[in-house]
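Peer 1: One-letter residues, chain by chain:
There are 2 protein chains.
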Amino acid sequence: MKNKIKAECKLLSLRKTARFLKKRDNFIILTHASPDGDTLGSAYALYYGLKEIGKVAAVICPDVIPKKYGYFARTTDHVLKENSTVIAVDVADANLLGALKEEFGSIVDLNIDHHVSNMRFAKNLYLDADASSTAEIIFELLLAMKVNINDITARAIYTGIATDTGCFKYSNVNAKTHLIASMLYEYELDAAEINRIMFDTKSHALLELERQVLETAEFHFDNKCMLLCVTAEMQEKTGCSGTELEGIAVISRSVEGVEAGITIKQIGDDEFKVSLRTFPPLDASAICKMLGGGGHKGAAGATVKGSIDEVKTAVLDAVKQVMEDTYAGVNTSR
Amino acid sequence: MKNKIKAECKLLSLRKTARFLKKRDNFIILTHASPDGDTLGSAYALYYGLKEIGKVAAVICPDVIPKKYGYFARTTDHVLKENSTVIAVDVADANLLGALKEEFGSIVDLNIDHHVSNMRFAKNLYLDADASSTAEIIFELLLAMKVNINDITARAIYTGIATDTGCFKYSNVNAKTHLIASMLYEYELDAAEINRIMFDTKSHALLELERQVLETAEFHFDNKCMLLCVTAEMQEKTGCSGTELEGIAVISRSVEGVEAGITIKQIGDDEFKVSLRTFPPLDASAICKMLGGGGHKGAAGATVKGSIDEVKTAVLDAVKQVMEDTYAGVNTSR
Numbered sequence: 384m385k386n387k388i389k390a391e392c393k394l395l396s397l398r399k400t401a402r403f404l405k406k407r408d409n410f411i412i413l414t415h416a417s418p419d420g421d422t423l424g425s426a427y428a429l430y431y432g433l434k435e436i437g438k439v440a441a442v443i444c445p446d447v448i449p450k451k452y453g454y455f456a457r458t459t460d461h462v463l464k465e466n467s468t469v470i471a472v473d474v475a476d477a478n479l480l481g482a483l484k485e486e487f488g489s490i491v492d493l494n495i496d497h498h499v500s501n502m503r504f505a506k507n508l509y510l511d512a513d514a515s516s517t518a519e520i521i522f523e524l525l526l527a528m529k530v531n532i533n534d535i536t537a538r539a540i541y542t543g544i545a546t547d548t549g550c551f552k553y554s555n556v557n558a559k560t561h562l563i564a565s566m567l568y569e570y571e572l573d574a575a576e577i578n579r580i581m582f583d584t585k586s587h588a589l590l591e592l593e594r595q596v597l598e599t600a601e602f603h604f605d606n607k608c609m610l611l612c613v614t615a616e617m618q619e620k621t622g623c624s625g626t627e628l629e630g631i632a633v634i635s636r637s638v639e640g641v642e643a644g645i646t647i648k649q650i651g652d653d654e655f656k657v658s659l660r661t662f663p664p665l666d667a668s669a670i671c672k673m674l675g676g677g678g679h680k681g682a683a684g685a686t687v688k689g690s691i692d693e694v695k696t697a698v699l700d701a702v703k704q705v706m707e708d709t710y711a712g713v714n715t716s717r
Numbered sequence: 384m385k386n387k388i389k390a391e392c393k394l395l396s397l398r399k400t401a402r403f404l405k406k407r408d409n410f411i412i413l414t415h416a417s418p419d420g421d422t423l424g425s426a427y428a429l430y431y432g433l434k435e436i437g438k439v440a441a442v443i444c445p446d447v448i449p450k451k452y453g454y455f456a457r458t459t460d461h462v463l464k465e466n467s468t469v470i471a472v473d474v475a476d477a478n479l480l481g482a483l484k485e486e487f488g489s490i491v492d493l494n495i496d497h498h499v500s501n502m503r504f505a506k507n508l509y510l511d512a513d514a515s516s517t518a519e520i521i522f523e524l525l526l527a528m529k530v531n532i533n534d535i536t537a538r539a540i541y542t543g544i545a546t547d548t549g550c551f552k553y554s555n556v557n558a559k560t561h562l563i564a565s566m567l568y569e570y571e572l573d574a575a576e577i578n579r580i581m582f583d584t585k586s587h588a589l590l591e592l593e594r595q596v597l598e599t600a601e602f603h604f605d606n607k608c609m610l611l612c613v614t615a616e617m618q619e620k621t622g623c624s625g626t627e628l629e630g631i632a633v634i635s636r637s638v639e640g641v642e643a644g645i646t647i648k649q650i651g652d653d654e655f656k657v658s659l660r661t662f663p664p665l666d667a668s669a670i671c672k673m674l675g676g677g678g679h680k681g682a683a684g685a686t687v688k689g690s691i692d693e694v695k696t697a698v699l700d701a702v703k704q705v706m707e708d709t710y711a712g713v714n715t716s717r
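Just so you know, the sequences run in chain order H and X. Positions 384 to 717 (my numbering) are the ones given, in order, by the first sequence. Positions 384 to 717 (my numbering) are the ones given, in order, by the second sequence.
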């Protein structure tokens with residue numbers, strides 16, 4: 384699973400990235416697979432921005448775009464690959480392009496990202512690891528390009544920032560994040576409605592699934608670790624689909640004293656998606672790297688093969704090891 | 384239950400409020416009963432601000448202050464009632480002073496509040512109904528007073544804003560709210576940790592209670608209304624205490640298509656606290672007024688006596704009536 388960091392990846396500044404985009408005319412904008420609010424918000428905000436200055440652009444997503452993003456995700460241009468500049472947004476690793484990896488993985492001209500773990504697979508990279516979200520970067524980029532930001536662009540950017548920060552809740556938020564949010568409120572945003580859709584709307588089916596998932600709760604390592612399971616059977620019986628399950632991972636970290644919340648979701652006969660949420664000083668990405676995955680310090684993931692018990696053991700072993708390394712000599716009393 | 388609005392209540396501007404405080408030396412700052420993050424954050428932020436300019440002040444809360452506010456709520460000065468100016472923060476109605484009503488209800492010199500429903504029971508009132516929270520007002524007030532804001536003051540203000548807006552999620556947020564948050568990030572804030580404590584920390588007992596509450600879920604009026612019950616038995620068996628249950632009300636509004644989420648919590652043999660959460664255009668305070676309560680457009684409450692079935696019927700009748708009035712001629716398709 385290890386990707387080599389490309390030596391020939393050129394790091395751009397914000398201003399150079401702006402110039403790079405202004406100089407070109409046709410764009411293909413790629414999101415990562417299992418698209419979330421940030422990759423989609425970033426892609427569409429960039430798309431609308433480029434349209435404002437007369438460019439031709441298409442957004443291509445490796446998976447079906449969830450309906451809930453319909454308020455900003457629209458049909459984009461049809462462009463020819465041959466004469467287009469290929470941009471990836473919020474894509475830390477070529478593998479995350481999913482179904483698009485084979486076609487585009489090695490020909491990405493520009494990658495715009497905020498993941499410190501970025502694998503530098505593109506020819507050019509604008510990376511701001513201090514940004515809460517890639518959408519925050521796109522906002523600054525559009526300002527640097529002196530592009531008019533309209534209401535739908537603002538909505539896309541707000542969605543990216545809000546979803547990647549748990550609505551301004553997490554440690555990736557800083558003064559600039561709130562300042563940008565403040566500026567976005569000058570548009571016809573209806574942020575409360577966006578937040579309702581993103582954070583406070585679950586289907587009756589999901590309500591039922593959550594109830595079932597809560598019954599699988601296990602606590603380990605002095606109650607510092609909570610583990611939840613979402614089996615294939617639960618998903619079938621309730622009819623809850625993939626992206627609807629995103630919120631489950633948050634539950635795993637919501638209980639007092641829990642430092643590591645694990646959610647194991649069955650995605651095949653012997654295949655599970657592990658989602659990990661941790662609190663400082665525990666590093667979720669360090670744990671998921673041991674399982675062949677990656678992510679951020681507070682939220683990371685991996686795909687692990689085996690029976691559910693094998694996967695549980697593998698994940699708990701990894702958590703245990705990183706916990707021991709982390710807490711060695713550290714006073715963790717809260 | 385009806386309180387008369389006092390004709391002799393004088394409305395102050397922000398600047399006059401600042402001058403009012405600067406001119407006096409001894410203060411008693413009152414919070415409302417069942418204290419939340421906003422009333423406590425406002426009271427302590429004002430206290431710390433007044434201390435910065437050499438005043439003497441005490442914060443008095445009608446109920447025990449929940450432990451989770453310990454990172455900013457400290458022991459305050461001892462002051463004599465006789466020579467003190469009495470201030471109420473975030474208190475819309477003298478009744479909300481709870482155990483302090485008798486002693487202080489009619490002698491409040493200054494009320495600082497953001498509830499549009501404020502009953503004007505104090506001698507002077509600074510009301511900003513556009514503010515997301517009273518804490519937002521206190522921040523502006525301290526700026527207007529040219530008072531130094533320190534880290535603990537910033538934490539108290541942030542807590543008030545975050546808790547009253549569901550962490551910047553609700554419709555009471557505006558550009559200024561985010562701008563103030565941005566300014567607060569310049570302090571040693573650890574907002575992520577505050578948000579963790581406020582929003583993402585539940586006890587094992589609460590996890591169990593939530594599971595039981597989900598089993599009481601009823602849907603009414605074309606699934607536009609969800610009703611949850613928290614019986615005395617559930618509270619006893621799980622050992623979940625009063626303020627721990629605040630989050631339940633949010634669940635009642637989290638299901639797709641639900642416009643009114645009702646939570647009925649037993650607080651006595653034949654007494655229930657009704658919490659209502661609604662989405663526009665439904666007005667929660669209009670519904671709760673019919674039950675002798677009040678609050679905001681999106682969140683309101685009332686205390687209703689009777690058996691659980693009688694209370695359910697009363698609440699559902701009120702919801703139905705306001706729904707019919709609201710939706711008459713309004714296209715509510717989402």
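If you're looking for bench data, these hints aren't it; they were derived computationally from the structure. Incorrect hints may appear among the rest.
Pairs count within a copy or across copies, as identical chains cannot be separated in the list.
[Said to hold, decoys possible] Here are the computed lysine to any residue pairs in the SDA-like style, where the Cα-Cα straight-line distance is at most 20 Å:
1) Lys451 with Phe604
2) Lys703 with Ala441
3) Lys585 with Asp419
4) Lys585 with Phe604
5) Lys406 with Ser500
6) Lys620 with Arg594
7) Lys585 with Lys607
Peer 1: With 20 Å as the alpha-carbon cut-off, assign the pair Lys703 and Ala441 to within, between, both or neither.
Peer 2: Classified as neither; 45 Å inside a copy, 47 Å across copies.
Peer 1: Between the shortest in-copy and the shortest cross-copy C-alpha distance, which are at most 20 Å for Lys585 and Asp419: within, between, both, or neither?
Peer 2: Cα proximity of Lys585 and Asp419: one copy only (16 Å, versus 26 Å across).
Peer 1: For Lys451 vs Phe604, is the C-alpha pair at or below 20 Å within one copy, between two copies, both, or neither?
Peer 2: neither (38 Å within a copy, 24 Å between copies)
Peer 1: With 20 Å as the alpha-carbon cut-off, assign the pair Lys585 and Lys607 to within, between, both or neither.
Peer 2: between (28 Å within a copy, 13 Å between copies)
Peer 1: Is it within a copy, between copies, both, or neither that the alpha carbon of Lys406 lies no farther than 20 Å from that of Ser500?
Peer 2: neither (29 Å within a copy, 56 Å between copies)
Peer 1: First find the shortest C-alpha distance between Lys620 and Arg594 inside one copy, then the shortest across copies, and answer within, between, both or neither for a cut-off of 20 Å.
Peer 2: both (13 Å within a copy, 19 Å between copies)
Peer 1: Go through the copies and call it for Lys585 and Phe604: within, between, both or neither, with a Cα cutoff of 20 Å.
Peer 2: between (31 Å within a copy, 18 Å between copies)
When held up to the earlier numbered hints, the structure conflicts with 1, 2 and 5 and fits the remainder.
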